[in-house]
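Listed here are the chains, written in short residue letters.
2 protein chains.
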Amino acid sequence: MSDEIAENGTANGDVPEIELIIKASTIDGRRKGACLFCQEYFMDLYLLAELKTISLKVTTVDMQKPPPDFRTNFEATHPPILIDNGLAILENEKIERHIMKSVPGGHNLFVQDKEVASLIENLYSKLKLVLVRKDEQKSAALRAHLGRIDALLERRGTRFLTGDTMCCFDCELMPRLQHIRVAGKYFVDFEIPTSFRALWRYMYHMYQLDAFTQSCPADQDIINHYKLQQALKMKKHEELETPTFTTSIPIDVNDSSTTE
Amino acid sequence: MSDEIAENGTANGDVPEIELIIKASTIDGRRKGACLFCQEYFMDLYLLAELKTISLKVTTVDMQKPPPDFRTNFEATHPPILIDNGLAILENEKIERHIMKSVPGGHNLFVQDKEVASLIENLYSKLKLVLVRKDEQKSAALRAHLGRIDALLERRGTRFLTGDTMCCFDCELMPRLQHIRVAGKYFVDFEIPTSFRALWRYMYHMYQLDAFTQSCPADQDIINHYKLQQALKMKKHEELETPTFTTSIPIDVNDSSTTE
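If you read the sequences in order, they're chains A and B. Note that the first sequence covers residues 1 to 260 in our numbering. Note that the second sequence covers residues 261 to 520 in our numbering.
Treat the hints as calculated values from the structure; they're not laboratory data. By construction, the Cβ of each residue, glycine as well, lies at the ideal position given by its N, Cα and C atoms. Some hints could be false.
In silico DSS-like cross-links for lysine-lysine, where the CA-CA straight-line distance does not exceed 30 Å [unchecked claim]: (1) A:K138 <-> B:K487; (2) B:K487 <-> A:K126; (3) B:K388 <-> A:K227; (4) A:K227 <-> B:K445; (5) B:K445 <-> A:K128; (6) A:K227 <-> B:K394; (7) A:K138 <-> B:K394; (8) B:K394 <-> A:K185; (9) A:K65 <-> B:K487; (10) A:K94 <-> A:K134; (11) A:K227 <-> B:K398; (12) B:K388 <-> A:K185; (13) B:K487 <-> A:K185; (14) A:K134 <-> B:K354; (15) A:K134 <-> B:K388; (16) B:K487 <-> A:K227; (17) A:K185 <-> B:K398.
FRET-style restraints, in silico, Cβ to Cβ [claimed, not checked]: (18) A:E191 <-> B:K354: 52 to 60 Å; (19) B:F334 <-> A:R30: 30 to 38 Å; (20) B:D470 <-> A:E239: 24 to 32 Å; (21) B:R357 <-> A:K65: 34 to 42 Å.
Use the sequences and the hints to build the structure in full.
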């Protein structure tokens, strides 16, 4: 495992220790990587550690050269991986369910709010479309979606999505907003309009919170994450093709020497 | 080493066996890779093998997972590597000199022709500029250079650059023309004008020759070669940067709750 371990909360026996294994940066294996689900669960658990219902240990694993004990235990499984009392939970949905049902304090994070749930669920796929298509129509769709989130925050007047304290939806949304902000700007010069004042105020509050800043990857790691994805996708394309050899000629060659 | 070994000529003891180690495709380690110098020396030696002055053995090495004996012998050296009578020659200039001075028949390939030498020497760097800058000015410079080669071929009226038989300059030029044709078209929609009839006729003759077709990488391998170069270059950029975290806000947040 990596030597970058963030600990939070007390491990004095009163509260259970939860370990979250997250992906390391693809640039520097000691840094946090730009994995959205890793950051989301990191934030969930960080909030619980602040409330002292658990003690949190975060371990980064460099997937380009995972340590032997990681490979032995988890083979090809990618982080996030949650470990609670010797039990490893490998799938994102099961991690979420475990935090909600079994981690002390977790149920408080999982607020029921259908409006917010449906409002944020397809946001990220719009960023992906913007990065793939790179056209103004897709950028407009992403901008419009952010506008609806801005309108909800404006209307509700709360600091976070469902009230003045953070919940699971904030831990889901904010990492994605950061990717939209950093990767959108870098790859297609997309900017979140300054007219979305409620959204910016929301992000401002997030930037003050340890749960976000401790879990957030560097801009370069976010950018590199998408560059590598694009390179792999581009490579895949050629890998699937049958090799061809361009040796046709676009003109008629009337040359007596061709008959040799 | 790879199991894809092309042999040509007779190894009956009359002629020396020359081994050329070339880079494998980055898509399929059993295919030939898009390495210009590998193909150039492959063509030189193939011509000599056809003339039966040598017997040629070509070995492809997958640099993404080089076999243990390759690593033991050559460490970080990349192909092309020429092996003659137990002597390994690792540097391109020394390989060229060795073919010219020490490989039987090799001196015949090395024709003196200053006009051709200076005409072809900077062609390839113009393709690199086109791929990096992607502007019409660089494409025009590449097109103009190809036009000068077309004019020379037209004026001389010979099948190859220096006469009706191939020489070292043809082995240098043709792999680069193929990269210009395939990568230029793929990345920036660059096309060699059909008005360059002498150049197309030259390429037509090349496409009939075993020395070219046996040594030529697939279009996909040429394309993938440049994609990987670009991805590595892009990655390098972030690697050199100090990590930064975008957490500034473009608007004034006048919110009483920020003072908590």
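Report task. Taking the numbered hints from earlier one at a time, note which ones the structure violates and give those numbers from smallest to largest. Result -> Violated hints (numbers, rising): 10 and 14; every other hint is consistent with the structure.
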